[in-house]
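Number of protein chains: 2
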Amino acid sequence: MDMLEWIKSRRSTRKFKDMPVEKELLEQVIEAGRFAPSGGNNQTTHFLVIQDKEVLDDLAGLVKQEFAAMEETPGLYQSLVNSIRLSKTGNYIFHYNAPVLIVVANQKDYGNNIADCSCALENMMLMANAHDLGSCWINQLKWLNENPVLLKYMRELGLHGEERVYGALALGYPDTKDGLPQRNPLARVGNEVTYI
Amino acid sequence: MDMLEWIKSRRSTRKFKDMPVEKELLEQVIEAGRFAPSGGNNQTTHFLVIQDKEVLDDLAGLVKQEFAAMEETPGLYQSLVNSIRLSKTGNYIFHYNAPVLIVVANQKDYGNNIADCSCALENMMLMANAHDLGSCWINQLKWLNENPVLLKYMRELGLHGEERVYGALALGYPDTKDGLPQRNPLARVGNEVTYI
Numbered sequence: 017m018d019m020l021e022w023i024k025s026r027r028s029t030r031k032f033k034d035m036p037v038e039k040e041l042l043e044q045v046i047e048a049g050r051f052a053p054s055g056g057n058n059q060t061t062h063f064l065v066i067q068d069k070e071v072l073d074d075l076a077g078l079v080k081q082e083f084a085a086m087e088e089t090p091g092l093y094q095s096l097v098n099s100i101r102l103s104k105t106g107n108y109i110f111h112y113n114a115p116v117l118i119v120v121a122n123q124k125d126y127g128n129n130i131a132d133c134s135c136a137l138e139n140m141m142l143m144a145n146a147h148d149l150g151s152c153w154i155n156q157l158k159w160l161n162e163n164p165v166l167l168k169y170m171r172e173l174g175l176h177g178e179e180r181v182y183g184a185l186a187l188g189y190p191d192t193k194d195g196l197p198q199r200n201p202l203a204r205v206g207n208e209v210t211y212i
Numbered sequence: 017m018d019m020l021e022w023i024k025s026r027r028s029t030r031k032f033k034d035m036p037v038e039k040e041l042l043e044q045v046i047e048a049g050r051f052a053p054s055g056g057n058n059q060t061t062h063f064l065v066i067q068d069k070e071v072l073d074d075l076a077g078l079v080k081q082e083f084a085a086m087e088e089t090p091g092l093y094q095s096l097v098n099s100i101r102l103s104k105t106g107n108y109i110f111h112y113n114a115p116v117l118i119v120v121a122n123q124k125d126y127g128n129n130i131a132d133c134s135c136a137l138e139n140m141m142l143m144a145n146a147h148d149l150g151s152c153w154i155n156q157l158k159w160l161n162e163n164p165v166l167l168k169y170m171r172e173l174g175l176h177g178e179e180r181v182y183g184a185l186a187l188g189y190p191d192t193k194d195g196l197p198q199r200n201p202l203a204r205v206g207n208e209v210t211y212i
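Taken in sequence, the protein lines are chains A and B. The opening position of the first sequence corresponds to residue 17 in our numbering, with each subsequent residue numbered one higher. The opening position of the second sequence corresponds to residue 17 in our numbering, with each subsequent residue numbered one higher.
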C-alpha cells in the first residue's frame with residue numbers, strides 16, 4: 017500500500033488478542049512516535065509503555081473508580097459522559113484489555129503539549145497499521161490528568177512532576193477472524209474543505 | 017521507503033520554489049488530512065486551502081502587523097517571542113512564501129479540537145513527504161486565533177463563527193539543489209521512554 021492507502025485504512029481496534037506484541041514491532045511503533053515533529057524541536061513527549069498486566073488492571077480499576085464518582089454535567093463531552101455511565105455500571109475497562117498501553121505525556125506549561133503528543137499518537141497509529149497491529153486512541157487518562165488518584169499512580173510509574181498525560185494508545189494484535197485490523201475506509205468524511 | 021522511513025525522514029521545509037503545487041498532489045495531501053482520526057469520529061476539522069497570492073500576502077502583512085504590536089512578556093513561548101521580535105524589524109513572513117497554506121480549524125468548544133487538527137497536520141506532512149513535497153507546521157495563526165483582526169480576516173475567507181484556527185501547513189516544492197525535501201533524520205531524539 018502507498019502512504020495514502022495506509023492513512024485511509026487506519027481504523028480503531030477495540031478488541032485485542034491476549035498475547036504480547038513482538039518486541040521489535042513495539043519498538044518500531046515507539047520509534048515512530050519519537051520521530052514525530054515537536055514545537056521548536058522541543059522533544060519533550062514522554063512515552064510510558066505499560067505491558068505489566070497488574071499495572072494495566074490497576075489502571076483500569078482506578079479509572080473506573082474515579083469516573084464512577086463523577087457526575088454528568090450539562091455540556092460535558094459525549095465520550096466522557098459514556099465513560100462515566102459505563103463506570104457507574106461497574107463494567108468498564110478503558111483500555112479494551114489491550115496488552116500494551118502507551119501513555120504519552122508532556123510538560124503541563126508547554127504550549128504545544130497536546131499538539132506534540134497528538135502527532136506522536138498519529139505516527140504510532142500509522143506504524144501499527146503498517147505492521148498489521150491494531151490500535152486505538154485513548155483519552156480517558158487525559159480527562160483524568162489532574163485527578164489526584166490517577167496523578168499519584170502515574171507518578172509512581174515514572175511520570176515527572178511537571179508532566180501531564182495528553183493521550184494514550186491501546187496496542188495489540190486485533191481479535192479478528194483473519195488476525196488483521198479492520199481496514200474498511202470511513203463511510204463518510206465530513207470535514208469541510210474551503211479553497212481560496 | 018517503508019512507513020518508518022517516511023516518518024523518520026519527514027523534516028520541516030522553510031524555503032519553497034515559486035511554483036504552484038500540482039492539483040492532484042495537493043488533493044492527496046488534503047485527503048490524508050481529512051482521513052485523520054477524530055474524537056468520537058467527530059470530523060469537524062475545517063481545511064482552508066489558500067493559494068491566492070494576494071490573500072497569502074494580506075495574511076503575512078496582518079500577522080506581521082499584529083505581532084509587531086505585541087510585547088514580550090516573561091514566560092512567553094520562545095517561538096512566539098521570535099515572531100514578535102522579527103515582526104518588529106518589519107521583515108517577517110510567517111508562511112515562508114509557500115505557494116500553499118492549509119489552515120486547519122475546528123470548533124472552539126470541542127475538547128478534541130487541537131488533537132484532531134494535529135493528527136490532520138501530521139498526516140498531511142507525511143503525505144507531502146511521500147510526494148517529495150516540502151512542508152512546515154505553522155503555529156502563528158493559532159497564536160493569533162482570538163486576535164480580532166485575524167479572526168475577522170479568516171471569517172471573510174470562510175472560517176465559521178464557532179471555529180478557531182489550531183494550526184496550519186506551509187506546502188510547496190522545496191527550493192533545494194535536487195528539488196527534494198531535506199531528509200536527514202533528526203540528529204538527536206530526546207523524548208524519554210519508560211517501560212513498565
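Watch out, some of these pointers could steer you wrong.
Just so you know, same-sequence chains aren't split out, so a pair can sit in one copy or run between any two.
In silico lysine to aspartate or glutamate, EDC-like type, Cα no more than 20 Å apart, as pairs [claimed, not checked]:
#1 K193 <-> D18
#2 K193 <-> E88
#3 K193 <-> D73
#4 K124 <-> D68
#5 K39 <-> D125
#6 K39 <-> E87
#7 K69 <-> D34
#8 K33 <-> D73
#9 K31 <-> D73
#10 K168 <-> E40
#11 K168 <-> D68
#12 K39 <-> E178
#13 K39 <-> D18
#14 K104 <-> D73
#15 K33 <-> D191
#16 K124 <-> D73
#17 K193 <-> E208
#18 K24 <-> E40
#19 K33 <-> E47
#20 K33 <-> E21
#21 K31 <-> E162
It is worth saying that the hints were derived from the structure and are not from the lab.
Next on the checklist: Within a copy, between copies, both or neither: which one fits K39 and E178 at a CA-CA cutoff of 20 Å?
Outcome noted: This pair counts as neither: shortest intra-copy Cα distance 30 Å, inter-copy 45 Å.
Checklist entry - Between copies, within a copy, both or neither: which fits K168 and E40 at Cα up to 20 Å? => result neither (31 Å within a copy, 50 Å between copies)
Checklist entry - Quick one: K193 to D18, C-alpha cut-off 20 Å, is that within a copy, between copies, both, or neither? => result For K193 and D18, the Cα distance exceeds 20 Å both inside one copy (25 Å) and across copies (26 Å).
Checklist entry - When no copy is specified for K31 and E162, does a C-alpha distance of 20 Å or less occur within a copy, between copies, both, or neither? => result neither (28 Å within a copy, 41 Å between copies)
Item to check | Homomeric proximity label, K193 with E88: Cα distance no greater than 20 Å | outcome: neither (38 Å within a copy, 59 Å between copies)
Checklist entry - Is it within a copy, between copies, both, or neither that the alpha carbon of K39 lies no farther than 20 Å from that of D18? => result Between copies, since 19 Å is at most 20 Å while 25 Å is not.
Checklist entry - Can you tell me if K33 and E47 fall within 20 Å by alpha carbon in one copy, between copies, both or neither? => result neither (23 Å within a copy, 32 Å between copies)
Checklist entry - What label fits K168 with D68 when the C-alpha limit is 20 Å: within, between, both, or neither? => result within (18 Å within a copy, 52 Å between copies)
Checklist entry - For the identical chains here, do K69 and D34 meet the 20 Å Cα criterion within one copy, between copies, both, or neither? => result within (11 Å within a copy, 55 Å between copies)
Checklist entry - Which holds for K39 with D125 at a C-alpha limit of 20 Å: within a copy, between copies, both or neither? => result So K39 and D125 fail the 20 Å test inside a copy (33 Å) and across (40 Å) alike.
Checklist entry - For the identical chains here, do K31 and D73 meet the 20 Å Cα criterion within one copy, between copies, both, or neither? => result within (16 Å within a copy, 50 Å between copies)
Next on the checklist: As a check of your reading, is K24 near E40 (CA-CA no more than 20 Å) within one copy, between copies, both or neither?
Outcome noted: between (25 Å within a copy, 17 Å between copies)
In summary, the numbered hints that this structure violates are 1, 2, 3, 4, 5, 6, 10, 12, 16, 17, 19, 20, 21.
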